[in-house]
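S.K.: Protein chains in written order, with the working numbering: chain A, 396 to 726; chain B, 2 to 349; chain C, 487 to 863.
Some clues are possibly wrong.
Below, computed lysine-lysine pairings styled on DSS-like, alpha-carbon distance capped at 30 Å [said to hold, decoys possible]:
(1) C:Lys-601 x C:Lys-580
(2) B:Lys-138 x A:Lys-638
(3) C:Lys-609 x A:Lys-619
(4) C:Lys-518 x C:Lys-550
(5) C:Lys-609 x C:Lys-580
(6) A:Lys-638 x A:Lys-619
(7) A:Lys-448 x A:Lys-476
(8) C:Lys-518 x A:Lys-619
(9) C:Lys-550 x C:Lys-601
(10) C:Lys-745 x C:Lys-759
(11) B:Lys-13 x A:Lys-619
(12) A:Lys-453 x A:Lys-476
(13) C:Lys-518 x C:Lys-580
(14) A:Lys-638 x B:Lys-134
(15) C:Lys-745 x C:Lys-518
Label-pair ranges, simulated between beta-carbon atoms [what the hints assert, rightly or not]:
(16) C:Arg-771 x A:Gly-477: 58 to 64 Å
(17) B:Gln-281 x A:Gln-620: 54 to 60 Å
(18) B:Gln-253 x C:Leu-756: 38 to 44 Å
(19) A:Thr-588 x B:Pro-113: 31 to 37 Å
To be clear, the hints were calculated from the coordinates, so they are not data collected in a lab. Beta carbons: idealized from backbone N, C-alpha and C, even for Gly.
Single-letter residue listing:
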Amino acid sequence: MLNYLLRRLLYMAIVLLLVSVLSFYIINLPPGSWIQNYALELEASGEIVDQEKLEFLKVRYGLDLPLHEQYFRWIIPLVTKGNFGESFEWGQPVWPLIEERLFLTMTISIASIIFIYVVSVPIALYSAINQYSIGDYFFSFLGLIGLATPNFLIALVFMIIMLRVFGVTPGGLFSPEYLREPWSLARFWDLLTHLPVPVIVVGTAGTASLIRILRAQLLDEFQKQYVLTARSKGLRERFLIIKYPLRMAFNPIVSGIGSLLPQIVSGSAIVSIVLGLPTTGPLLLRALIAQDTYAAASMLLMLSVLTVLGVFLSDMLLMWLDPRIRYERAN
Amino acid sequence: MDDVLLDVQDLKTYLPLEEGLLKAVDGISFTIRRGETIGLVGESGCGKSMAVRSIMRLAPNFANISGRVIYHPQEGDPVDIVQLDAHGERIRDIRGGEIAMIFQEPMTSFSPLHTIGNQITEAIRVHRTQDRKQAHKIAIDLLGRVGMSNPSQRMSEHPHQLSGGMRQRAMIAMALSCEPSLLIADEPTTALDVTVQAQVLQLMRDLQDEFGMSILYITHDLGVIARMVQHVAVMYLGKIVEFTDVDSLFYQAKHPYTSALIKSIPKIGKKSRRRLESIQGAVPVPINRPPGCGFFPRCSVAIPGLCDRVDPPLVQVAPRHAAACYVYPEVAEAANVSELEGQGDGTR
Amino acid sequence: MSTRSTVAELTPPVELHYEILSQRQLIWRKFKRHRVAYFCMYFLVLFYVLAIFAEFFAPYGPFKRYTDYLYAPPTPIHFVDENGAFSLRPFVYKITSELDLNTFQRAYTEDTSEKYFLQFFTKGQPYRLLGFIDTDIHLFGVDEPGVYFPSGTDGLGRDLFSRMLLGTRTSLFVGLMGLAVGFALGLFFGGLSGYYGGGIDMLIQRLIEFLQSLPTLPLWMALAALVPPEWTPIQVYFGISLVLAIVGWTGLARVVRGKLISLREEDYVLAAKLSGLSERAIITRHLLPGFLSYLIVHLTLAIPHMILGETALSFLGLGIQPPAVSLGTLLQDSQNVQTVTINPWLLLPGGLVVVIVIAFNFLGDGLRDAADPYKHL
Numbered sequence: 396m397l398n399y400l401l402r403r404l405l406y407m408a409i410v411l412l413l414v415s416v417l418s419f420y421i422i423n424l425p426p427g428s429w430i431q432n433y434a435l436e437l438e439a440s441g442e443i444v445d446q447e448k449l450e451f452l453k454v455r456y457g458l459d460l461p462l463h464e465q466y467f468r469w470i471i472p473l474v475t476k477g478n479f480g481e482s483f484e485w486g487q488p489v490w491p492l493i494e495e496r497l498f499l500t501m502t503i504s505i506a507s508i509i510f511i512y513v514v515s516v517p518i519a520l521y522s523a524i525n526q527y528s529i530g531d532y533f534f535s536f537l538g539l540i541g542l543a544t545p546n547f548l549i550a551l552v553f554m555i556i557m558l559r560v561f562g563v564t565p566g567g568l569f570s571p572e573y574l575r576e577p578w579s580l581a582r583f584w585d586l587l588t589h590l591p592v593p594v595i596v597v598g599t600a601g602t603a604s605l606i607r608i609l610r611a612q613l614l615d616e617f618q619k620q621y622v623l624t625a626r627s628k629g630l631r632e633r634f635l636i637i638k639y640p641l642r643m644a645f646n647p648i649v650s651g652i653g654s655l656l657p658q659i660v661s662g663s664a665i666v667s668i669v670l671g672l673p674t675t676g677p678l679l680l681r682a683l684i685a686q687d688t689y690a691a692a693s694m695l696l697m698l699s700v701l702t703v704l705g706v707f708l709s710d711m712l713l714m715w716l717d718p719r720i721r722y723e724r725a726n
Numbered sequence: 002m003d004d005v006l007l008d009v010q011d012l013k014t015y016l017p018l019e020e021g022l023l024k025a026v027d028g029i030s031f032t033i034r035r036g037e038t039i040g041l042v043g044e045s046g047c048g049k050s051m052a053v054r055s056i057m058r059l060a061p062n063f064a065n066i067s068g069r070v071i072y073h074p075q076e077g078d079p080v081d082i083v084q085l086d087a088h089g090e091r092i093r094d095i096r097g098g099e100i101a102m103i104f105q106e107p108m109t110s111f112s113p114l115h116t117i118g119n120q121i122t123e124a125i126r127v128h129r130t131q132d133r134k135q136a137h138k139i140a141i142d143l144l145g146r147v148g149m150s151n152p153s154q155r156m157s158e159h160p161h162q163l164s165g166g167m168r169q170r171a172m173i174a175m176a177l178s179c180e181p182s183l184l185i186a187d188e189p190t191t192a193l194d195v196t197v198q199a200q201v202l203q204l205m206r207d208l209q210d211e212f213g214m215s216i217l218y219i220t221h222d223l224g225v226i227a228r229m230v231q232h233v234a235v236m237y238l239g240k241i242v243e244f245t246d247v248d249s250l251f252y253q254a255k256h257p258y259t260s261a262l263i264k265s266i267p268k269i270g271k272k273s274r275r276r277l278e279s280i281q282g283a284v285p286v287p288i289n290r291p292p293g294c295g296f297f298p299r300c301s302v303a304i305p306g307l308c309d310r311v312d313p314p315l316v317q318v319a320p321r322h323a324a325a326c327y328v329y330p331e332v333a334e335a336a337n338v339s340e341l342e343g344q345g346d347g348t349r
Numbered sequence: 487m488s489t490r491s492t493v494a495e496l497t498p499p500v501e502l503h504y505e506i507l508s509q510r511q512l513i514w515r516k517f518k519r520h521r522v523a524y525f526c527m528y529f530l531v532l533f534y535v536l537a538i539f540a541e542f543f544a545p546y547g548p549f550k551r552y553t554d555y556l557y558a559p560p561t562p563i564h565f566v567d568e569n570g571a572f573s574l575r576p577f578v579y580k581i582t583s584e585l586d587l588n589t590f591q592r593a594y595t596e597d598t599s600e601k602y603f604l605q606f607f608t609k610g611q612p613y614r615l616l617g618f619i620d621t622d623i624h625l626f627g628v629d630e631p632g633v634y635f636p637s638g639t640d641g642l643g644r645d646l647f648s649r650m651l652l653g654t655r656t657s658l659f660v661g662l663m664g665l666a667v668g669f670a671l672g673l674f675f676g677g678l679s680g681y682y683g684g685g686i687d688m689l690i691q692r693l694i695e696f697l698q699s700l701p702t703l704p705l706w707m708a709l710a711a712l713v714p715p716e717w718t719p720i721q722v723y724f725g726i727s728l729v730l731a732i733v734g735w736t737g738l739a740r741v742v743r744g745k746l747i748s749l750r751e752e753d754y755v756l757a758a759k760l761s762g763l764s765e766r767a768i769i770t771r772h773l774l775p776g777f778l779s780y781l782i783v784h785l786t787l788a789i790p791h792m793i794l795g796e797t798a799l800s801f802l803g804l805g806i807q808p809p810a811v812s813l814g815t816l817l818q819d820s821q822n823v824q825t826v827t828i829n830p831w832l833l834l835p836g837g838l839v840v841v842i843v844i845a846f847n848f849l850g851d852g853l854r855d856a857a858d859p860y861k862h863l
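Modelling step: build the complete structure from the supplied sequences, incorporating the hints.
M.R.: Here is the structure:
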């Protein structure tokens, strides 16, 4: 058991190392560099390009070094001191820039996952028990639309409705008075009141697909022999459905968190861009376009850390839930 | 007829499918007496499993069940199971409590996520006692009686930790946990090795002596029938085509299907070099079945113009021996086909 | 009637009430019973036809600007004129615009004094059909100076309907391209993994797990940022397909591997091996037919993912770049909420995406049910 845990942790470390190398490499793959982009931008806005300043920045950010040395300049302080380096674009350390945004990304992601489960489990259960009923068709149809509509379109439609019906532009995660405040209970509460719109938008696709998966899973489980056995023992229908098929269907749900999490993080990125939320999404997009290597790589890495951790936790939960898996891994 | 336990009369289970009406069980009748063992034999797909599921009211929700299944409990009035609400209280009392069932696949019959103990005590707590500790004790005792070593440890194990034979023993323990008066065994040994099969069969006979319950034994294995049962009903395409005691079945089979079935058993002996006989053709799909005897297309003694028009009824053709085939004049007489022959409109 | 048939009538053959159908016939039969999926199949075929001959079905060229008609709403089409007279031929009125000096919005009104009948197979802007047939025939249109914009115009006064047709072409075929590349990758890695097993399998499985644990969109974003800005639209188009494929092949590889492994253990494969069939024959005659249907189902369900991916990327400005037209780039115009709120028809390309994706999903579902024709018998 301990052996398995250790192997698992080691594996996670390797994955994250690979992510760091890969993202660093990919970001630098496009021709040009941040310095060139910066110079072009200055030129475009009609400012005089100060060659000396460019040279200074180049040396300061290590952009004159070969790529692998740049990588080590970034990763070594990161691993040893937890120092994420400096953003070229912003001219300040990366961590304070992304700290709150990462927290907000995580909050939205977790809230979305909770939303998805809370909404889809009862609906799937209802649909599976009342297969081919009007309600089942209704939810199936709704789910299909939710699945087929791109996240950003849902976000747009939401905003249009808000603007047309209520005359307000939704967006942001805080009321203006809390925007630059330090964290407090009141500020956190303010955040919670702003969550529903992004969470619903981010969670729609996930909810739709989970309802589909879970409904099919439950219908499958209803056909299993052990359900018949349970019925032949004289158990109450409601009791046995909860005790057996639903319990069985929970395993794929839990292991589904692993695949859901990357989806959610992606979804929240694009929704944030449309809704203008202060999460990592918009910043990452800008950093990628500007080739702000340290900022972009750090964000990609941290997002991967979040997902890999989530997958790990869901795996542990699954092991706790399913004796077969426990048995397999113990040996 | 005083100690009848279960009286099945003209039981029909029709399944309306997209492809048409599936007459899975098409009017079967038989009775089971207390302490008796009845066998129900037939090829796969003949409707034997659907028949017993209908008796337990475990057929799919959309199935149309008609006929009568009169159950005579030890105490109280007889009930017609067909008339009960399939999710009601009375049928739930009967299931597990008075009629218990064991299934073919010991692997899938248990939930893999719950312990053996949990799944056995659950039945006990529904029917016998609310007390958790007492239920636990009963379960341990039962596991011991079905021959499982170290029963108290087995209680906390999961199904995948047991072998196939052990799982089926646990299944039997679970079925017997509430001392039912009828045990329905749906091919309980088909998935097991031959040696384990013999052990499980022996166990069931011993337990029957001990508990005194009746057994309805469903199988396609004539060898098992010979060892286990007193009376046999042979099913073909949703109907019982022959009903007799086990000796007559093997030595004086009346229905051509039964004879063909018995001929297809491999024999050890002088003539063992002979090619194994098989019944020509396959069982037709019982959806939108044409009128007439279901065995007609495969039968060697079929009478064209009669067998393919009117379904032969099950009629007594010898003492305590019923068959549904027109080669016996009694059957033709009972069906009144002598008048019909001229008309040929094929009504049933 | 010939004598032969009379003889046949006298001794009717024993009628067997079951037919033997091949696997393919069974699948097709079952699929046809799934009405919605069957309908969606024809619907998608229609869409592909519309997309391939987009220039013919479009009344205007996709880049033709009508500067008098910026953000013009969809032109209403009439059968009954202002005097209540019915005309079998549909017509449109002349559209006049007025600039509201307070809001700087253009207000478009119908001028009932002039009407233009809808013409079919009318001459319009010249174009090249299928890339080699020079012609100027369009399916429908109205005579100049009348205008007919079925879905309104965008901020530059271009006909949205014509652009949507062209955009559909891009998006539908980017999906197919991405699928083809992803399919090749998935088949290759999945096949390798499932067939050889052991160390190779381990390695590929880890690789897949690794790719699947990455958040898709940032990965897409990072990869799409790779596509150099100076590339031609065609190159970008291939680049984006490639990006979609690189992220999307893992699911397919898993399906292929899983299926191969389970099939290898089937009794009939063992039987084929024991009877001395060659490896190659086993793969082509026994394994491939076994999972071809699953593969097709999976492919059908993968296309909408590709389309959604393209749309999202192009919407963010990382995918197909204007002036090239795709459903995603068309939606770029609706990034500004104020604009969309005033000109809601700009969201029509989004609706089109939804419809196409739903159709693919239904088709995939129908195929999936049909792929296992014995399942519900």
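S.K.: Run every hint past the structure and note whether it holds.
M.R.: So, going through the hints one by one against the coordinates:
Restraint check for Lys-601 (chain C) and Lys-580 (chain C): the C-alpha separation of about 6 Å stays at or below 30 Å, so the hint holds. Restraint check for Lys-138 (chain B) and Lys-638 (chain A): the C-alpha separation of about 23 Å stays at or below 30 Å, so the hint holds. Among the hinted pairs, Lys-609 (chain C) with Lys-619 (chain A) is inconsistent with the structure: their alpha-carbon atoms are about 64 Å apart, more than 30 Å. Among the hinted pairs, Lys-518 (chain C) with Lys-550 (chain C) is inconsistent with the structure: their alpha-carbon atoms are about 43 Å apart, more than 30 Å.
For the proposed pair Lys-609 (chain C) and Lys-580 (chain C), the alpha carbon gap of about 19 Å is at most 30 Å, so the pair holds. For the suggested pair Lys-638 (chain A) and Lys-619 (chain A), the alpha carbons sit about 14 Å apart, so the restraint of at most 30 Å is met. A hinted pair counts as satisfied when its Cα atoms are at most 30 Å apart, and Lys-448 (chain A) with Lys-476 (chain A) qualifies at roughly 29 Å. The suggested pairing of Lys-518 (chain C) with Lys-619 (chain A) holds, with an alpha-carbon distance near 28 Å, which does not exceed 30 Å.
Taking the CA atoms of Lys-550 (chain C) and Lys-601 (chain C), the gap is near 22 Å; set against the 30 Å cutoff, the hint holds. This hinted pair checks out: Lys-745 (chain C) and Lys-759 (chain C) have alpha carbons roughly 18 Å apart, not beyond 30 Å. This hinted pair checks out: Lys-13 (chain B) and Lys-619 (chain A) have alpha carbons roughly 24 Å apart, not beyond 30 Å. A distance of roughly 24 Å separates the Cα atoms of Lys-453 (chain A) and Lys-476 (chain A); the hinted pair therefore holds under the 30 Å criterion.
With a CA separation close to 47 Å, the supplied pair Lys-518 (chain C) and Lys-580 (chain C) exceeds the 30 Å bound. Between Lys-638 (chain A) and Lys-134 (chain B) the alpha-carbon distance is near 21 Å, which keeps this suggested pair within the 30 Å criterion. The straight-line distance between the Cα atoms of Lys-745 (chain C) and Lys-518 (chain C) is roughly 25 Å, inside the 30 Å bound, and the hint therefore holds. A beta carbon spacing of about 59 Å between Arg-771 (chain C) and Gly-477 (chain A) agrees with the range 58 to 64 Å that was offered as a hint.
Taken as a hint, the range 54 to 60 Å is violated for the pair Gln-281 (chain B) and Gln-620 (chain A), whose Cβ atoms sit roughly 33 Å apart. The hint said 38 to 44 Å for the Cβ distance between Gln-253 (chain B) and Leu-756 (chain C), and at roughly 42 Å that hint holds. Remark: the range hint 31 to 37 Å for Thr-588 (chain A) to Pro-113 (chain B) is contradicted by a beta-carbon distance near 44 Å.
In this structure, the hints that do not hold are numbers 3, 4, 13, 17 and 19, in rising order.
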